[in-house]
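There are 2 protein chains.
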Amino acid sequence: MITTNGYAAQKGEHTVSPFTFERDPPKGNEMLIQVLYCGICHSDLELLENNWGITKYPCVPGHEAAGRVTSIGPEVTKFAVGDIVGVGCMIDSCLQCQACKEGWENHCEGPNGPTMTYSGYLSPGDKEAAEYNTFGAWSDNLVVREEFVVKIPENMPLEEAAPLMCPGTDTFGPMRRFGDLSGKRIAILGLGGPGHMALQFAKAMGAEYVAVVSTHAAKRDAAFQLGADEFIVSTDADQMRSFAKSFHHILSTIPVPFDLAHYLALLRRRGTITVMGLLGPYKSILNNIDLAARGLSLTGSMIGSVAETKEVLDFCQKHSISPLVEVIDKKDINQALERLRVADVRFRFVIKIAE
Amino acid sequence: MITTNGYAAQKGEHTVSPFTFERDPPKGNEMLIQVLYCGICHSDLELLENNWGITKYPCVPGHEAAGRVTSIGPEVTKFAVGDIVGVGCMIDSCLQCQACKEGWENHCEGPNGPTMTYSGYLSPGDKEAAEYNTFGAWSDNLVVREEFVVKIPENMPLEEAAPLMCPGTDTFGPMRRFGDLSGKRIAILGLGGPGHMALQFAKAMGAEYVAVVSTHAAKRDAAFQLGADEFIVSTDADQMRSFAKSFHHILSTIPVPFDLAHYLALLRRRGTITVMGLLGPYKSILNNIDLAARGLSLTGSMIGSVAETKEVLDFCQKHSISPLVEVIDKKDINQALERLRVADVRFRFVIKIAE
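Heads up: the sequence lines are chains A and B, in that order. The numbering of the first sequence is the UniProt record's numbering, which starts it at 1 and goes up by one. The numbering of the second sequence is the UniProt record's numbering, which starts it at 1 and goes up by one.
Keep in mind the hints are simulated off the structure, nothing from the lab. All C-beta atoms in this analysis are idealised placements derived from N, C-alpha and C, irrespective of residue type, glycine included. Hints may contain errors.
Chain B is faced by these chain A residues, among others (derived, beta-carbon under 7 Å) [unchecked claim]: (1) 205; (2) 206; (3) 240; (4) 282; (5) 286; (6) 291; (7) 298; (8) 324.
Per label pair, the in silico range of CB-to-CB distance [stated by the list, open to error]: (9) B:24 x A:241: 43 to 49 Å; (10) A:332 x B:52: 54 to 60 Å; (11) B:157 x A:53: 56 to 62 Å; (12) A:53 x B:153: 56 to 62 Å; (13) A:77 x B:238: 28 to 34 Å.
Required output: the full structure, derived from the provided sequences and hints.
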């Protein structure tokens with residue numbers, strides 16, 4: 001067994017504290033990865049607080065990690081000890097179902113769905129699986145099947161690579177799904193970890209015009225520095241009205257339930273809004289007239305596939321895109337969580353786990 | 001003025017009775033069209049009963065007409081007296097806005113939106129426009145701007161051409177929007193006027209497998225006769241479960257609000273459900289998890305564009321597709337409305353207005 005030091009929330013706690021646990025050593029095509037950096041995601045808050053009702057305790061968060069391979073199972077073929085790698089939201093899946101075979105492990109249709117990097121199975125299956133609890137990357141190491149590990153390009157700073165595993169990948173996929181962005185007008189709702197990546201992707205993919213829509217007027221300057229063409233304060237009714245029917249596509253990175261109709265008004269005819277995240281129920285009941293009258297679409301999106309994770313790393317290197325991060329010490333995680341609760345981060349906290 | 005005999009519902013009535021009114025003669029590029037056949041749409045019921053709160057009275061329904069040009073305005077260039085033509089849900093639009101210029105008159109963004117063939121402006125604008133009330137094709141004639149008139153191919157029976165103007169066009173557009181259907185599994189919700197067209201389109205467009213989902217088990221044989229590969233009774237929980245995650249795309253033609261989650265379960269990962277019609281609010285609040293967990297999309301759809309109307313006529317001629325109609329006499333409209341209320345029609349009532 002591998003004795004591992006990490007940080008966990010116990011049931012009923014909204015903070016983490018040091019927690020020591022055991023991992024099985026890597027077998028088959030699993031690898032032991034020393035975690036060097038790991039980001040803090042808004043979903044970590046949701047899971048710590050069990051807001052989705054699926055959290056298993058103790059809860060060791062962390063699903064956007066950069067690290068170093070320190071030991072490999074006997075069947076590993078694609079990696080070697082010493083490789084610098086990333087791990088995202090999944091560490092395993094059935095790899096047998098049609099979704100997995102077609103490269104959508106994130107939509108694995110095996111009995112328990114993909115194995116999430118922490119807090120076990122999001123789709124509960126048999127009793128044994130339902131009791132299983134994975135421990136994430138706010139810890140010294142991870143054990144991950146090689147299919148779920150990606151190589152980090154040389155020269156990419158690891159504290160910047162880590163967030164590409166989650167907010168990078170999770171915004172890259174929906175943006176690609178919009179299709180060719182040339183000549184298109186795009187709005188990004190929310191300018192946090194995912195939003196500030198989505199903004200950079202939209203510009204790099206050739207969108208004609210990209211607006212950031214945020215409740216936080218103080219983020220205006222940062223939006224323009226990151227390449228935005230416009231900044232819209234979502235609570236400013238006049239400004240919102242002036243952008244009615246303006247955008248071909250909207251990507252929402254708002255991490256909490258909201259009023260969909262408020263933003264549908266911004267879409268052009270036949271436009272699409274993609275809403276990221278397991279938000280739960282919308283704030284009001286959807287009226288099909290709001291979609292039908294102008295032929296609008298609503299798409300839901302969650303985590304990306306492994307292939308998308310690889311693609312986002314290449315894309316970021318090619319286009320010199322990187323997340324803006326605030327690196328923190330392990331002892332300051334709870335303070336960072338407090339600041340994240342009030343959106344006080346530009347734009348991603350990354351925990352330095354080791355050198 | 002042109003004295004016209006039609007059938008109208010007065011406020012508070014759910015039936016129609018003979019009603020005589022005056023139309024302005026055609027001016028500019030308008031044409032006078034003698035109505036020969038006109039279909040009965042489920043939305044006629046909704047409008048007669050003012051279920052959408054937008055009905056103007058007297059209400060002369062009829063928005064899927066086949067007829068003959070009997071007189072043309074001085075600026076008409078594309079038609080001549082004697083032409084056999086069709087008119088759908090619109091008779092005018094601003095033709096100046098970006099939507100109109102790009103061929104989406106159905107999404108006209110002029111002050112009052114497109115001019116609906118009957119019951120005036122669906123999108124209320126200035127007071128004068130809001131008071132305007134158009135009278136539809138359950139009458140001897142229509143006056144329509146030529147841009148909103150399509151030629152009916154020779155040899156196409158007019159009673160079969162009429163329904164192509166509404167259920168034909170309105171299902172053809174969404175089916176095209178799904179993209180290439182080769183190898184795709186499609187479900188059609190509802191087997192009425194629109195559903196029985198959508199089924200034929202899906203097969204002709206190359207879908208690998210098309211299922212009809214209906215509450216009416218008695219429609220099973222008809223579904224197979226029209227080319228369906230499967231018939232699913234939507235209230236049969238076991239059968240519904242056996243088709244979970246089966247379909248790439250679903251087109252809903254259900255004309256009343258329903259429980260979206262019940263049908264989202266049928267979609268494959270990253271699948272799309274398009275819901276036709278101004279249904280109003282869904283029966284339950286949408287949970288974004290239901291879309292996000294499997295990357296699903298929901299699209300709303302209403303009436304088609306003029307270009308789509310032309311395309312559907314060509315497509316039907318090329319692929320020998322026609323609606324199944326039950327032609328009725330003018331005096332039997334109210335009886336047909338009663339039967340339509342209980343879905344007792346295979347599959348479209350068409351009123352014979354004149355020879």
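Quick rundown of the hints versus the structure:
Look at residue 205 (chain A): its Cβ only gets to about 19 Å from chain B, farther than 7 Å, so that hint breaks. Hint on residue 206 (chain A) is violated. Least Cβ distance to chain B is approximately 20 Å, over the 7 Å limit. Violation of the interface hint for residue 240 (chain A) is found here, the shortest Cβ-Cβ separation to chain B being roughly 17 Å, above the 7 Å cut-off. For residue 282 (chain A), the shortest C-beta to C-beta distance to chain B is roughly 5 Å, which falls under 7 Å, so the interface hint holds.
Using the Cβ-Cβ criterion of 7 Å, the hint placing residue 286 (chain A) at the interface with chain B is satisfied: the shortest such distance is roughly 5 Å. A hinted interface residue such as residue 291 (chain A) counts as satisfied when its beta carbon comes closer than 7 Å to some beta carbon of chain B; here the least separation is about 3 Å, so the hint holds. Because the smallest distance between the Cβ of residue 298 (chain A) and any Cβ of chain B comes to about 5 Å, under 7 Å, the interface hint for this residue holds. Nearest Cβ of chain B to the Cβ of residue 324 (chain A): about 26 Å, over the 7 Å cut. The hint is violated.
Between residue 24 (chain B) and residue 241 (chain A) the beta carbons are some 36 Å apart, a value that contradicts the proposed interval 43 to 49 Å. Range check, residue 332 (chain A) to residue 52 (chain B): Cβ separation about 56 Å, and the 54 to 60 Å hint holds. A C-beta distance of roughly 58 Å is found between residue 157 (chain B) and residue 53 (chain A), which places it inside the suggested range of 56 to 62 Å. Checked against the hint of 56 to 62 Å, the pair residue 53 (chain A) and residue 153 (chain B) passes, with Cβ atoms roughly 58 Å apart.
For the pair residue 77 (chain A) and residue 238 (chain B), the supplied restraint of 28 to 34 Å is violated, since their beta-carbon distance comes to about 44 Å.
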